[in-house]
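Colleague: So you can see what is in the structure, the chains are spelled out below.
2 protein chains.
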Amino acid sequence: MRVAASRFAARETVEQVEEGFAFAPKFDTAGLISVIVMEAGGGDVLMLGQMNAQALELTLSTGEMHYWSRSRQALWRKGQTSGLVQRLVELRVDDDQDALIASVTVAGSGASCHVGYHSCFYRALVLDPSHGEGERPMRLRFTEDAKIFDPVAVYGDLPNPTQL
Amino acid sequence: MRVAASRFAARETVEQVEEGFAFAPKFDTAGLISVIVMEAGGGDVLMLGQMNAQALELTLSTGEMHYWSRSRQALWRKGQTSGLVQRLVELRVDDDQDALIASVTVAGSGASCHVGYHSCFYRALVLDPSHGEGERPMRLRFTEDAKIFDPVAVYGDLPNPTQL
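Top line first, the protein sequences correspond to chains S and L.
End of the first sequence sits at 164 in this note's numbering; the numbers just go up one at a time, nothing left out.
End of the second sequence sits at 164 in this note's numbering; the numbers just go up one at a time, nothing left out.
Incorrect hints may appear among the rest.
Just so you know, same-sequence chains aren't split out, so a pair can sit in one copy or run between any two.
Unchecked claim - Calculated pairs, EDC-like style, for lysine to aspartate or glutamate (alpha carbon to alpha carbon, straight line, at most 20 Å):
hint	residue 1	residue 2
1	147	15
2	147	12
3	147	64
4	26	12
5	26	44
6	26	157
Calculated directly from the structure, the hints in this document are not laboratory data.
Fair warning: this is a prediction, and the values are worked out from it, not measured in the lab.
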């Protein structure tokens, strides 16, 4: 495999990074960059993923989204187990180039969440004035009615990536 | 000020975190959680911010977005200098509760990027088949036509938060 970092530009000046045409992604001290994953065509935000340089390079060379799984500490081709492959349509980068937005189309049912929902963001905080008062516990409400797939049927005995 | 962490639920089981109604945000080893910031009503993704527990608590109690600035190592009320205050409309949380989506309305010109653009994500990678070939440098194109405001006029001599 090619050395991934070689095709990304060096980060030389703030002006170049913010105002220039060179793709110079910034990986954090763990070697990762955050990727906001959205449905192409103005759809939902599906997930927030992490990529290392190799995952980013593989995403660009194959057109299929690859991530770094922090819980498994492994490269991860999205859909490898579930078939819910994400194809890259557009990749945006932010001002200091330490965050990406990937617009994708999703195979099959179109779901992207390992819990079985369409989006990983299937709950919203119930906002009410008591948040200014200090004592009442904060509650979530579900924004999706039902799971798209049964995670046990899809993932079987694979370990759950959620960590406490 | 109240101790922020006290009003968030403890993370007790994977099932509780993924399937429950308790808001139990996970802060990373640096004490931060990532927040995708979007325009309310299905608009653009504006930025990816970071919050510590205090910033999250202040956001909820005031209704105005607060962040933790990693470059300045300081709590940051968005709009404090620029007037481009972001008001919280909805807050979603993901499956393992280590990422948030804040839907916001933005004061004034509606811009959210310190470089002067509407969104921090004002550039896209030019995707072409050469990404599979390995040699051609990767180029960006601008997706916004012009800056919304002049950052020098707004921020003056304040240090630029972008770090190389």
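Colleague: Work down the list of hints and note, for each, if the structure agrees.
Modeller: Consistency of the hints with the structure:
Taking identical chains as interchangeable, the C-alpha atoms of residue 147 and residue 15 lie at most 20 Å apart only when they sit on different chains, with a minimum of 15 Å there against 46 Å within one chain. With identical chains, the CA atoms of residue 147 and residue 12 are never at most 20 Å apart, being 46 Å at best within one copy and 23 Å at best between copies. Within a single copy, residue 147 and residue 64 get their C-alpha atoms no closer than 24 Å, and across copies no closer than 32 Å, so neither meets the 20 Å cut-off. Proximity of residue 26 to residue 12 under the C-alpha cut-off of 20 Å is restricted to the intra-copy arrangement: shortest distance 12 Å within a copy versus 34 Å between copies.
Taking CA atoms no more than 20 Å apart as the test, residue 26 paired with residue 44 passes in neither setting, with 26 Å inside one copy and 22 Å between copies. Proximity of residue 26 to residue 157 under the C-alpha cut-off of 20 Å is found in neither arrangement, the shortest distances being 36 Å within a copy and 25 Å between copies.
Checked against the numbered hints listed earlier, the structure breaks hints 2, 3, 5, 6; every other hint is satisfied.
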